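Chemist: Mapping to the numbering used here: the sequence shown position 120 is 120, numbers consecutive.
Careful, some of the hints might be misleading.
[What the hints assert, rightly or not] What follows is a list of derived Cβ distance ranges for each label pair:
#1 248 to 39: 56 to 66 Å
#2 46 to 104: 15 to 25 Å
#3 44 to 117: 19 to 29 Å
#4 229 to 152: 31 to 41 Å
#5 71 to 113: 31 to 41 Å
#6 113 to 171: 37 to 47 Å
#7 179 to 247: 31 to 41 Å
[Stated by the list, open to error] Mimicking PhoX-like on lysine-lysine, the simulated pairs with C-alpha atoms at most 20 Å apart in a straight line are:
#8 197 to 88
#9 92 to 148
#10 208 to 45
#11 272 to 262
#12 262 to 208
#13 244 to 208
#14 197 to 262
#15 208 to 148
#16 273 to 262
#17 272 to 208
#18 197 to 92
#19 197 to 208
#20 45 to 88
#21 191 to 208
No wet-lab data here; the hints were simulated from the structure. Note that the structure is a prediction, hence the values are computed from the model and not measured. Ideal placement from N, C-alpha and C gives every residue a C-beta, glycine not left out.
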Amino acid sequence: MTTLRHSRFAAALLAVALAGIAWADTSTQQAGSKEFVPTVGQSGKDVIWVPTPQTLVDRMLDMAGLTPDDTLVDLGSGDGRTVITAAKRGAKARGIEYNPDMVALSRSAALREGVGDRAAFEQADIFESDFSDADVVTLFLLPNLNLKLRPMLLDMAPGTRVVSNSFTMGDWEPDETAEAEGCTNYCIAYKWVVPAKVEGSWALPDGKLQLTQNYQFVEGTVSRGGNTTPVTEGRLNGSTLTFKAGEDEYIAVVEGSQMQVKVNGQGNLSAKKEG
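Use the sequences and the hints to build the structure in full.
Modeler: Structure (structure tokens):
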């Protein structure tokens with residue numbers, strides 16, 4: 001599967017290059033301009049540079065539900081278009097890019113677009129950077145790099161939204177998949193919501209909740225009143241856990257080692273993680 005994806009990546013890259021997709025201000029095309037002009041397919045530290053179509057940038061930010069209260073970090077920010085678009089929507093946005101020429105280009109573009117106060121760019125290695133403050137993380141990398149980043153992403157605050165152009169996160173299933181309209185190459189985006197960590201034993205006032213977790217999917221048992229019932233349809237959306245046990249529907253809000261639980265919309269049971 002990885003080989004096939006890489007082949008598709010190369011084929012699509014050629015199509016992009018032939019189509020002449022690029023995102024540079026026309027002023028950089030003028031004779032005598034000294035500003036760096038990126039080239040589709042230019043080499044980078046971990047990947048070659050291929051710009052994300054603007055239609056997909058917009059779709060990715062829509063999927064993320066980006067608001068002016070959010071902080072977005074784009075990993076491998078390239079020419080800065082995702083960061084600049086996020087800043088235009090009122091968010092605080094930061095790009096991490098290894099190529100210093102691309103960083104300088106992005107900073108200039110942010111100033112031209114009037115978002116220099118909300119769009120920041122740093123020259124750094126994404127694997128050596130701290131982006132734990134992000135509410136939204138965007139990326140356009142290869143599958144092996146996504147897998148390398150996955151543990152870092154899963155350790156972020158529950159509810160953090162992660163949106164990837166074209167490539168998935170291995171066996172971490174996306175919560176949402178979407179395709180941009182009017183797009184010809186690299187048109188699919190995947191979204192994940194970082195789940196809270198709930199695996200283990202939780203003490204209820206009248207029993208116990210035993211959970212196992214596979215990313216956002218949860219199984220286990222509920223023991224109450226002398227009866228033990230399997231957990232079904234267990235799923236996390238950030239820090240909110242929903243599941244069924246027999247005929248009862250549970251909604252729990254997780255805050256670290258504490259959990260507030262409602263059963264069939266009633267009550268407010270406090271659960272504490274054991275061990």
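Chemist: Which numbered conditions among the earlier hints are violated in the structure presented, ordered from lowest to highest?
Modeler: 5, 8, 9, 10, 15, 18, 20, 21
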